[in-house]
Amino acid sequence: MGVALVFVLVAVGSVLFHVFSPWWWTPIASNWGSIDDTIIITFWITGIAFTGVVVFLSYCVFRFRHRKDARAEYEPENKKLEGWLTIGTALGVAAMLAPGLYVWHQFISVPKDATDVEVIGRQWQWSYRLPGKDGKLGKSDVKNISTDNPLGVDPNDSAGQDDIIIESDDLHLPIGKPIKVLLRSIDVLHDFYVPEFRAKMDMIPGIVTYYWLTPTRTGTFDVLCAELCGVGHSQMRGRVVVEEQEKNQAWLEQQPTFAQISARSKTAAATGAPRP
Amino acid sequence: MADVALGKENYVPPPAEVEDVELPHAHSWWTRYVFCQDAKVIAIQYSLTAIAIGLVALVLSWLMRLQLGFPGVFSFIDSSQYLQFITMHGMIMVIYLLTALFLGGFGNYLIPLMLGARDMVFPFVNMLSYWIYLLAVLVLAASFFLPEGPTGAGWTLYPPQAILNGTPGQGGGIILMLASLALFIIGFTMGGLNYVVTVLQGRCRGMTLMRMPLTVWGIFTATVLALLAFPALFVGAVMLLLDRLLGTSFFMPTLISMGEQLKYGGGSPILFQHLFWFFGHPEVYIVALPAFGVVSDLIATHARKNIFGYRMMVWAIVIIGALSFVVLAHHMYVSGMNPYFGYFFATTTLIIAVPTAIKVYNWVLTLWRGNIHLTLPMLFSLAFIVTFVNGGLTGLFLGNVSVDVPLSDTMFVVAHFHMVMGVAPIMVIFGAIYHWYPKITGHMLNETLGKIHFWITFLGAYAIFFPMHYVGLMGIPRRYFDVSDMNFVPPSAHDLNAFITVMALIVGVAQIIFLFNLAWSLRYGKEAGGNPWRATTLEWQTPETPPGHGNWGKELPVVYRWAYDYSVPGAKEDFIPQNVPPAAVRAA
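In order, the protein sequences belong to chains A and B.
Quick note on our numbering: the first sequence kicks off at 149 and runs consecutively.
Quick note on our numbering: the second sequence kicks off at 465 and runs consecutively.
These aren't lab readings, by the way, just hints derived from the structure by calculation.
Keep in mind that the hints are not guaranteed to be accurate.
As the list claims (entries may be wrong) - So, partial list: chain A residues that the calculated Cβ filter (under 10 Å) puts toward chain B:
| hint | residue |
| --- | --- |
| 1 | F165 |
| 2 | F198 |
| 3 | S206 |
| 4 | F212 |
| 5 | E221 |
| 6 | V251 |
| 7 | D305 |
| 8 | A347 |
| 9 | R385 |
| 10 | W399 |
| 11 | L400 |
What the hints assert, rightly or not - List time: in silico BS3-like cross-link candidates among lysine-lysine, alpha-carbon distance up to 30 Å:
| hint | chain 1 | residue 1 | chain 2 | residue 2 |
| --- | --- | --- | --- | --- |
| 12 | A | K291 | B | K915 |
| 13 | A | K414 | A | K216 |
| 14 | A | K216 | B | K727 |
| 15 | A | K414 | B | K727 |
| 16 | A | K281 | A | K216 |
| 17 | A | K287 | A | K260 |
We put the CB at the ideal spot given by N, CA and C, even for glycine.
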């Protein structure tokens, strides 16, 4: 009796914890509400399955616990019952998988009008590159990286000259415009993770990965690294600011372009170290 | 179906096909207890070594939980050490404890006994398997004594960071880790081949495959998986070792580490992940399938009822084992691999839920109209069902590609895999030890101590890992030394973390009760007799308890029926051992 009761309490307690505890996901700030919806569907189906199994188990423990002279029934199998349970489970699984795959299709289909935003991870800081007036990012390569060119932009690619470079500062994004986040790493694996955006993807040295999103809420959000990247992993933080279009435009105009940064370092080199 | 040779009143078992050969008997203390070729002794050596190194991993988990629950209070834990703790905790628990205990421990003890064999087919290789395993454990443990400590690359050892500056243990720790893994795999292969050949060739007369207890089916299938999966880890480890020591670039692209251009170029970090998870996902089932098998037998025995749907249970084990090789990339949805893989791997992953669910139904349906004795093995089996269902269902979140995107790399993942392959299989291990200890030692474990141990462990572990899912749902990443300064996290989350830490300490300390019980009962436990649970399987029918070398005295048993003849209508007792001929049942 006591044992059965404890098992029921585990099931009931879990449901109550789920409903009443204050710990839940942070309010969303991107278009990926469909991911949240899929999680809710999954919570319902799995919650019903969990409670059902545990309550049934508890009932069996209560009803069929050992009594004097009791004897178990002898029933090796029941094809019909097993068949129905298999079908029921398959339907439940399909009800989760279908929305899951549908949302995944959206997640990997980047809209044509999405603006490129490049995020570069290195131990243990974030940098960003935004396209300039031409709307295009220039080529880049790890081999071009130097103190004057921390992101490895190709100096011979004209498309890269007006690229906006943001180092050790917040990233600003306009609200309501789709963005394709291009992800690069120059050393080890990282993962550009903003909990409010729900999206996430590893960054791998040697290749460019991506995801896309549309910011839907203004505010300042934490950027975290979600793939273990060494001792400083948990300190690899940043911030992303989602703001109205005009404000974002004004911010953009104040940021240095690649050409300006290279010119600045050239003059610094010329004045600081004159030829003998 | 009750696979009994009924209606064959005058059934005469076929003559033995192979003559009994003399076993390598021990002639001295050394060959009896140390360099012993008896599978039962090897099983105990495996188990004690696994439990010993597992206790180290348990203490490591306390240390990391202290940091997460009370950040800044324990100043002796720094970021490097934190990563070293999580890495060593994970690797030890998964490989050196769970795999070794289920296959090397339970496999060695139970396969020959349950199949009516005298020993494993290759006793010498079997002994060697243990000694190489011990060497692997020692090499791994040695890395704690390096000046910069063991590797802190995370148990997945992902390159490039695993072998670069910026990761603790980059000098010697990672080398010892990879070398130890390679040794473990060599040792395991020796044992694994033994288990497979013994199951296929060493069964006694009448023990058809479809009469084998599910414990043997679980261990057998898991061993086949391990023999196919471990080589991928082996080559991965060797290639990573070459990258680290000889400067090859299997997994290393052109990169700049700490401002310095390294000589690597052209390698693929994702290749390592595929190799790792080709091993890593089957590994989940290498741990789970033996647990599935053992728990089936515990439930049937202690509910005095045949396991419901035996054939379905066998096929579910085999199907799950096969499918486990085509779901590997569900660990890599956000790894940057080709996103189109997501459709395939999400589908295969969710399909695997169907045979798994059938197993759960059959366990609870075995309880239905049973005669449930709430013994310690039964209590732990019930706890297994609850924790396994819980952890299995959260797998449907993470396996479902788009749902995985926000949850992956968060504490939700940590909670999920601890519930499903930490807590649940360990419930089975405890249940199994309470169940078979009487056969191994001849004494029962103390029941009162056992109940205290059970309730603290089950409820405590549930209280650790159930709320932890919600820590991850909030968005807190895993492997974070410092969880402060996150604006999206309410302050109360830190109270939750402190609560989880306190529970972890309590559950850890409660294991002392269990260890004490193991030692105390060895001498003072109630006499068990040969078959205290009135079970049907062969290991309870040995002429001696504990069984001597060779298990069966002069003559090997002959099997007449499946392993689940409990409460058969018309029979006097509520169990009929597998080696009782039909004529004897009728006479009684």
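Let me know if the C-beta of W399 of chain A comes in closer than 10 Å to any C-beta of chain B, holds or violated. Violated, because the Cβ-Cβ distance from W399 of chain A to chain B comes to roughly 20 Å (cut-off 10 Å).
Would the pair K414 of chain A and K216 of chain A pass a check requiring their Cα atoms to be no farther apart than 30 Å? 94 Å, violated
Tell me if the interface restraint on R385 of chain A is satisfied: Cβ within less than 10 Å of some Cβ in chain B. It holds, given that the least Cβ distance between R385 of chain A and chain B is near 7 Å, below 10 Å.
Hey, K414 of chain A versus K727 of chain B, does the alpha-carbon distance stay inside 30 Å? 28 Å, holds
Between the alpha carbons of K281 of chain A and K216 of chain A, is the straight-line distance 30 Å or under? 86 Å, violated
Quick check on the hint: D305 of chain A CB to chain B CB, less than 10 Å? Because about 18 Å separates D305 of chain A from the closest Cβ in chain B, which is outside the 10 Å limit, the hint is violated.
Does the nearest C-beta of chain B fall within a distance shorter than 10 Å of the C-beta of E221 of chain A? Holds: closest Cβ of chain B sits about 4 Å from E221 of chain A, inside 10 Å.
Does F198 of chain A hold up as a contact with chain B if the rule is Cβ-Cβ below 10 Å? Cβ of F198 of chain A sits 6 Å from chain B, so the hint holds.
Taking 30 Å as the top limit, are the C-alpha atoms of K291 of chain A and K915 of chain B close enough? 64 Å, violated
Within 30 Å, alpha carbon to alpha carbon, are K216 of chain A and K727 of chain B? It is violated: about 76 Å lies between the C-alpha atoms, which goes past 30 Å.
Would the hint on L400 of chain A be counted as holding, given a Cβ-Cβ threshold of 10 Å to chain B? 24 Å, violated
Does the CB of S206 of chain A sit less than 10 Å away from some CB of chain B? 9 Å, holds
When the structure is compared with the earlier hints, violations turn up for hints 7, 10, 11, 12, 13, 14 and 16 and for no others.
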